[in-house]
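If you read the sequences in order, they're chains S and D. Residues 0 to 320 (numbering that gives the first Met the number 0) are what the first sequence spells out, left to right. Residues 0 to 320 (numbering that gives the first Met the number 0) are what the second sequence spells out, left to right.
If you're looking for bench data, these hints aren't it; they were derived computationally from the structure. One thing to keep in mind: the hints can contain errors.
Said to hold, decoys possible - Far from chain D by the CB rule (all over 10 Å, computed), these chain S residues:
# : residue
1 : Phe24
2 : Gly57
3 : Gly129
4 : Gly161
5 : Pro259
6 : Asp260
7 : Ile275
Unchecked claim - Straight-line Cα separation of at most 25 Å, SDA-like style, residue types lysine to any residue; simulated pairs:
#  : chain 1 : residue 1 : chain 2 : residue 2
8  : S       : Lys285    : D       : His92
9  : D       : Lys285    : S       : Lys31
10 : D       : Lys130    : S       : Val48
11 : S       : Lys31     : S       : Leu60
12 : S       : Lys285    : D       : Lys130
13 : S       : Lys130    : D       : Gln151
14 : S       : Lys285    : D       : Pro75
15 : D       : Lys130    : S       : Lys31
Unchecked claim - What the simulated footprint calls covered on chain S by chain D, stretch by stretch (three residues with Cβ under 8 Å from a Cβ of chain D suffice, anywhere in the stretch; the number is not a length):
#  : region
16 : 75-89
17 : 167-180
18 : 244-252
On a predicted model such as this, the values are computed, not experimentally measured, just so you know. In this text, a Cβ means the ideal position worked out from N, Cα and C, and glycines have one as well.
2 protein chains.
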Amino acid sequence: MPDRFVVGVDLGGTKILALVVDKQFAVVGRAKKSTKAQEGVAHVHDRIVAAVIEACRGAGLDPKALAGVGVGSPGPLDPATGVIIDSPNLGWHNYPLREKLQQALGVPVAVDNDANLGTLSEQRLGAARGKQHVVGIFAGTGIGGGLVLNGQLFYGASGAAGEIGHIVMNPDGPLCGCGNRGCLEAIASRSAIAGEAAVAAVRGHAPHLLAACGGDVTKVRSGDLAEAIQAGDQAIETIVRCAARYIGIAIGSLVNLLSPDCVVLGGGMVEAMEDIFLAEAREALKHHAMPYLAQRVEIMPARLGDDAVALGAALLIAEKR
Amino acid sequence: MPDRFVVGVDLGGTKILALVVDKQFAVVGRAKKSTKAQEGVAHVHDRIVAAVIEACRGAGLDPKALAGVGVGSPGPLDPATGVIIDSPNLGWHNYPLREKLQQALGVPVAVDNDANLGTLSEQRLGAARGKQHVVGIFAGTGIGGGLVLNGQLFYGASGAAGEIGHIVMNPDGPLCGCGNRGCLEAIASRSAIAGEAAVAAVRGHAPHLLAACGGDVTKVRSGDLAEAIQAGDQAIETIVRCAARYIGIAIGSLVNLLSPDCVVLGGGMVEAMEDIFLAEAREALKHHAMPYLAQRVEIMPARLGDDAVALGAALLIAEKR
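The shape of chain S in the complex, shown without the other chains:
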């Protein structure tokens, strides 16, 4: 039955991924497009619609027959109305994404924060399957987070709970993109690491990193960091380990506060350097979580990779039916 099919879309700063899934959440169609946010909101909207149509065509489906389309977007956004409040990555401000897509596609649309949906899919289908209280942390350009509490995504009063990247690690620490100081994201994201790596490079301590990223450390990718560490850039390893340790300290606070049974660590940096991130986070947890709560939690690597957000977006529709 066609109404069993759902499309999940991951709307990222650089790419749009659309997946068609069946009732068992097997992927039966997919399409990928560049976001090209600089071309403006109308163009991005058109590319989302085109990605949905292309993914459906690949699965031999009429988009009008979909049960709905879920979209994971950078936030903050209002999941109740599907309005993107403010997205620096996309350059959007109070954009009614759900309404616009519903008009264009003629099927129900739901919108949620990308990190929320990554956490939801890991809890329903991935690393934290069957766990009731799950914290998702996704470390890449920024640090995204999501909370599944009592088996359900937790939204709080604003709809935007779960901003794990903005836990305060040091009240007088480095300036964060959010305007405050010392947030986890300002200390442990890839952007923060790039800043420290640039200093190391100026000192001549990161020759392999400079080679890997073509001389411009501000454009460093997670894979470049992994490569430089592998090749022997000791300073880069120290910087990355310190960032991973801070993520572990933040997990300590989260464990003391929420007593989750699983923390899922994902995102580009964790995928590229899983061993370092898991080892440092698990070690830091020993020193910053209370033993009675720490013994009930596991830190697990994310399993769903690049499909996590789109699968979570599909779940959003599937579970609303």
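We have chain S; now place chain D onto it with these hints.
Structure of chain D alone, referenced to chain S:
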């Protein structure tokens, strides 16, 4: 009808308070006893039973006719079984409090963490009435915390979620009673303040505090701190304001993480110096919470004072019926 009456007990490190409440949560009987934890667990048990009986007698009730008895205790404890896992204040270890009291009293007993119950009563009957997502923070000898999420106490995987006093404020900060470093409690509790105040006293910067607490700063009470500040001990005001600011920074993290609609600030220190604690916490929140989430939250002083935990304990029974 007698089965409408419930007793709530606040089992503290220094005193036991028992309240009899009617269906409308009006207090119709009360009794107070010293805990005398040093006399051992059996003696404390007997004094809890005696307090319940005395409070019932005051209300003209037969304790056997109660709907049940709720108890708020220092943790960590397992609210599902009513076993006190480990209470440094009481010196208890794996003590089956619920089972023992049920045998002695012959009515249903429920046990929960004292800070959880303080948060619950403030959300049901006090400062945060009608709010869905409430964080309770109680600053005294230690710093206790509780979470009401989606209108219900949140327990997490271990049953012991809500340890707000053990959010990590500085990974290399002062040693905490929990064995880790830099917890909020190690920086902003009355015990932490007493340590700093002792140094100020040695320097001759706290003459009024020394007078107020009879020369031994380690035994300082919240009222002594308030008195010393009032009398002009500038160093003590600086120390207390800094502690209050750290509580505000922790609230910033909590807002970014949970997006509550209300944070209730209570406990002995806040009662004694409400203006300082509220002003510093609200100011710190401006610098450490994301604006979109901060605009949805209020920081409110607790309203139920010394009755908060016992009322929460009564709610525990009333809502289970």
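Going through the hints against the structure:
1. With a cut of 10 Å on Cβ distances, Phe24 of chain S stays outside the contact zone with chain D, its closest approach being about 25 Å.
2. With a closest Cβ-Cβ approach of about 37 Å to chain D, Gly57 of chain S is found to remain outside the 10 Å limit, as its non-interface label requires.
3. No Cβ of chain D comes within 10 Å of the Cβ of Gly129 of chain S; the nearest lies about 12 Å off, and the non-interface call holds.
4. For Gly161 of chain S, the condition that its CB be more than 10 Å from all CB atoms of chain D is violated, with the nearest at approximately 7 Å.
5. With a minimum CB-CB distance of about 6 Å to chain D, Pro259 of chain S fails to clear the 10 Å threshold, and the non-interface call is violated.
6. With a least CB separation of 4 Å from chain D, Asp260 of chain S falls inside the 10 Å interface cut-off, contrary to its annotation.
7. For Ile275 of chain S, the requirement that its beta carbon stay farther than 10 Å from each beta carbon of chain D is met, with the minimum near 18 Å.
8. Between Lys285 of chain S and His92 of chain D the alpha-carbon distance is near 22 Å, which keeps this suggested pair within the 25 Å criterion.
9. At roughly 40 Å between alpha-carbon atoms, Lys285 of chain D and Lys31 of chain S are farther apart than 25 Å, so this suggested pair is violated.
10. Of the pairs offered as hints, the one joining Lys130 of chain D and Val48 of chain S is violated, with about 39 Å between alpha carbons and a cut-off of 25 Å exceeded.
11. Distance restraint check for Lys31 of chain S and Leu60 of chain S: the Cα-Cα separation of roughly 17 Å lies within the 25 Å cut-off, and the hinted pair is therefore satisfied.
12. With a C-alpha separation of about 35 Å, the suggested pair Lys285 of chain S and Lys130 of chain D falls outside the 25 Å cut-off, and the hint is violated.
13. For the hint linking Lys130 of chain S to Gln151 of chain D, the alpha-carbon distance of about 19 Å falls within 25 Å, and the restraint holds.
14. The hinted pair formed by Lys285 of chain S and Pro75 of chain D meets the criterion: a straight-line CA distance of about 18 Å does not exceed 25 Å.
15. Note on Lys130 of chain D and Lys31 of chain S: the hinted pairing is violated, with a Cα-Cα distance of about 43 Å set against a maximum of 25 Å.
16. Here the region 75-89 of chain S counts 3 residues with a CB under 8 Å from a CB of chain D, which clears the bar of 3, and the coverage holds.
17. For the region 167-180 of chain S, the proposed coverage by chain D is satisfied: 8 residues have a C-beta within less than 8 Å of a C-beta in that chain, meeting the threshold of three.
18. Coverage of the region 244-252 of chain S by chain D holds [criterion: at least 3 residues with CB-CB distance below 8 Å; count 5].
In this structure, the earlier hints numbered 4, 5, 6, 9, 10, 12, 15 are contradicted, and the remaining ones agree with it.
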